[in-house]
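So the protein lines, in turn, are chains A and B.
Take the first sequence: its position 353, counted from the start at 1, is 353 in my numbering, and no numbers get skipped.
Each position in the second sequence, counted from 1, maps to that position plus 479 in my numbering.
Among the clues, some could well be false.
With a straight-line Cα cutoff of 20 Å, these simulated SDA-like cross-link-like pairs (lysine to any residue) come out [what the hints assert, rightly or not]:
#1 K621(B) with L199(A)
#2 K629(B) with G469(A)
#3 K415(A) with N633(B)
#4 K470(A) with N618(B)
#5 K629(B) with L199(A)
#6 K190(A) with D593(B)
#7 K470(A) with A622(B)
#8 K450(A) with N618(B)
#9 K629(B) with F465(A)
#10 K621(B) with S463(A)
#11 K190(A) with F489(B)
#12 K470(A) with I594(B)
#13 K147(A) with I83(A)
#14 K621(B) with K415(A)
#15 K691(B) with E730(B)
#16 K24(A) with A622(B)
#17 K415(A) with F597(B)
#18 K450(A) with F483(B)
#19 K143(A) with P178(A)
#20 K601(B) with N619(B)
#21 K481(B) with K415(A)
#22 K415(A) with M480(B)
#23 K621(B) with S5(A)
#24 K24(A) with F483(B)
#25 K470(A) with D593(B)
#26 K629(B) with K450(A)
#27 K190(A) with W454(A)
#28 K601(B) with D193(A)
FYI, nobody ran anything at the bench for these hints, they're computed from the structure.
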Amino acid sequence: MLFNSLSFAIFLPIVFVAYWLAGKNRRLQNFLLLVSSCYFYGSWDYRFLFLLLFSISLDYFTGIKMEEARNRNMKKIWFWLSIFINLGFLGLFKYYNFFQQSFADFLSVFGVKTNFWTIKVILPVGISFYTFHGLSYVIDIYKSRIKAERDFLNYSVFVSFFPLLVAGPIERATHLLPQIQRKRHFIYAKAVDGLRQILWGLFKKMVIADNCAEYANMIFNHSAGYSGSTLLAAALFFTFQIYCDFSGYSDIAIGTARLFGIDLLRNFAFPYFSRDIAEFWRRWHISLSSWFRDYLYIPLGGSKGGTLMKVRNTFIIFIVSGFWHGANWTFLAWGLLNAIYIMPSILFKTNRNYLDTVAEGRYFPTVREFFYMTITFTLTVLAWIFFRANNIHHAFSFISGIFSKALFQKPHISKEAFGMFALIGLFMIVEWFGREQQFAIAHIDRVFSKSIRWSVYFGLIVSIFYLSGKEQAFIYFQF
Amino acid sequence: MKLFIRNLLFFTFACVFCGLIIILTERLIMNHQGRFKVAKEQKYIFLGHSHAQMAYNDRLIDSSINQASSGEAYFYTYIKLNKMLENNADIKAVFVEYSNNNILPEMNNWIWDDIHVFDRYKLYTAYIHLNELKVLAANNPKATLLCNIKSIVNNIYYILYPKNIRADSMLGGYIYLIRDKTDSILQANVKNPVKSVPDTGISVMNVNYLGKIIDVCRKKGIPVYLVRSPLHPKYPGLENEMIFRKLLKEELAGAEFMDFKDYPLMDSDYGDLEHVNYRGARKYSLFFNRLLKEGLLDKKDKQKFINEQMNAEQNGVKR
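With the rest of the complex left out, here is chain A (with noise of 0.2 Å):
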């Protein structure tokens, strides 16, 4: 079930309804969220509930069984277990074909030929997202961060909660379980806020996001035909793709939780106005970003050992961090990539420089701020064109072929495209004036007056199925 899906704009209604009508019972109230979640789930492929069961009841004993250990090292072994097993699973959904290929291949370049054992494995949607919720439990209760969660039907909801099962925002134990632990009471402004961000999310999703995949996949699975200004045109078209397809998910995510009395975590504050690459990563999928600071880099050592310690624990969560999104070279490469781009920063300690936002309390961004914000946003466009490309070859091709003569003739994009740019640079100024809010259209309430806003509200659903283009599954699904 998509969230820009018929059977969705169904499902939500009902299961909004039915859980205020049971506002006084928080364990109805939970119970309802678990069945709902279940169904939601289970509409993909109901046979990997049982894999989602798995993981929970797995998590769910290991933290009881390593609160009520007697010494460190039962509490180890618990803890071992549970990250081998969590990690298994994600290895061998998601992994296993990738390393027995890369490995085969390895060994054909000595003349070794080999017949390994191959699986064809479906990944079970989100299970990158659930592993690191369920990692993140375990971890924060072995460091006695959090207390165990004795409630089963808690700690269920807390993992399968539907708004963030199949694609994040990732959530901390400690942020999201004692929302799930206590009452919750209707509030009006959160539920109107929370429409409101749905209604975001779906505009960026249906309108930029799907129309942009349409010209950026026609011309990045046949790039070698094309001029360097067309190459460029589809590798904007992936950039906004992937930002609006990625952060309307997270939109739609946070405003459904929220119209459940729920917050989620931020995952996106407008990457694209970044100064420079450790802006842009402070930005962008920032639940997973603040994931790795907190359970890999940190305990590697962090910035905490020199100069030379800070640079290998910052390739290490890059790369991993790359090979998270899926298992495939490109992913490395532009996990790498990303990890050279920020180097400068963590080397000359700059990478703290912009901690606010740009041009903050004025209405345009100095000379400066606006050569810095293109810089970066050339250079993350060219690290997309890693993440977008079919293999490693394609991307090398495709950015040689920007870089050719060609790049300054007019690109050879339909009219549409080109008006589609139009619409990329309105959304952008939108974007613009909201980005000190929590999403773009969040102030529109203290801004305008009711009828406008109505009015704005209005233009925005008609936009929807009016500009909509060819629906097209959420990109983050796959990881």
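Use these hints to put chain B onto chain A, whose structure you have.
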């Protein structure tokens, strides 16, 4: 909670109300624009899909207008014909292309798959009746809903810049096909022979709408003729000829059938095995025009007359 639901319902109602007002106004204007009016002297209409669109050069056939359109199922032809008959009292005869591929099961896709709904239904949203809307809504509700909304801007554009049917290539009209790929197709077929499997299925919906086309013409007292325009002798789509004939006899008995499939043309007169190009269209249209002038429509055994005339032409053509 109550306030939230009340405001949400009120907003939804307001949106639906505004949307309906816009749609109804736009449709009312569209229906009174006379978009389907043709010149008084145009008394013969040709309808159908690409076969007819490329075969009848209406400049060479007196008093005629070709309104056939590539990829058009009878479902949409029916909507168009209704509007044309409503707007033009002087139409004397309607010729509808009835070819072997018109009855294939894939014609259902031509009616309601996403591509055809967005490309075809978009043109007719303002003119559709409830029965046809039900067909689309039952088979592809999402695309139907979206297309209705998407067509609003399209229709407003037509209201602001009205276009007559003769000037609107989107709705149909003769296509001057330059293509000449027959030789290369035939050579490719010799190298890799196409193993065609006789297709026994039919699109019940498309055939039903052909029946409706015949009915609406009969109700208005306008003769309707099913016509099969020329097809290359090696056209592989003739495998369903038995069903094709059976349907003609049993389901479409209300209309006369005129078969020009074997009209003698050279390979170079075809764009491919099922479409004549501009050369073939010229020859065939001049021939058709001559037959009309010689009283084809008044003949009792039209097919006999056609066959005689085609045999006479045959002598002059070497393939």
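Hints and how they fare:
1. K621(B) with L199(A): Holds. K621(B) to L199(A) sits at ~19 Å (cutoff 20 Å).
2. K629(B) with G469(A): Given pair K629(B), G469(A) holds - Cα atoms ~11 Å apart, limit 20 Å.
3. K415(A) with N633(B): Holds: K415(A) and N633(B) sit about 16 Å apart, inside 20 Å.
4. K470(A) with N618(B): holds (18 Å)
5. K629(B) with L199(A): holds (18 Å)
6. K190(A) with D593(B): The hint is violated at about 37 Å.
7. K470(A) with A622(B): holds (10 Å)
8. K450(A) with N618(B): It is violated: about 39 Å lies between the C-alpha atoms, which goes past 20 Å.
9. K629(B) with F465(A): Answer holds: K629(B) to F465(A) is near 7 Å, not above 20 Å.
10. K621(B) with S463(A): Holds, because 16 Å separates the two Cα atoms, which is no more than 20 Å.
11. K190(A) with F489(B): Distance ~19 Å between K190(A) and F489(B) Cα, so the pair holds.
12. K470(A) with I594(B): It holds: about 10 Å lies between the C-alpha atoms, which stays within 20 Å.
13. K147(A) with I83(A): holds (18 Å)
14. K621(B) with K415(A): violated (26 Å)
15. K691(B) with E730(B): holds (11 Å)
16. K24(A) with A622(B): violated (41 Å)
17. K415(A) with F597(B): holds (18 Å)
18. K450(A) with F483(B): holds (14 Å)
19. K143(A) with P178(A): holds (18 Å)
20. K601(B) with N619(B): Holds, at roughly 14 Å.
21. K481(B) with K415(A): Cα-Cα ~47 Å, so violated.
22. K415(A) with M480(B): Given that 20 Å is the threshold and the Cα spacing comes to 46 Å, the pair is violated.
23. K621(B) with S5(A): Holds, at roughly 9 Å.
24. K24(A) with F483(B): Roughly 18 Å separates the two Cα atoms, so the pair holds.
25. K470(A) with D593(B): Cα-Cα ~9 Å, so holds.
26. K629(B) with K450(A): Violated: K629(B) and K450(A) sit about 27 Å apart, past 20 Å.
27. K190(A) with W454(A): Satisfied, since the Cα-Cα distance of roughly 17 Å is no more than 20 Å.
28. K601(B) with D193(A): Since the Cα atoms of K601(B) and D193(A) sit roughly 35 Å apart, the hinted pair is violated (cutoff 20 Å).
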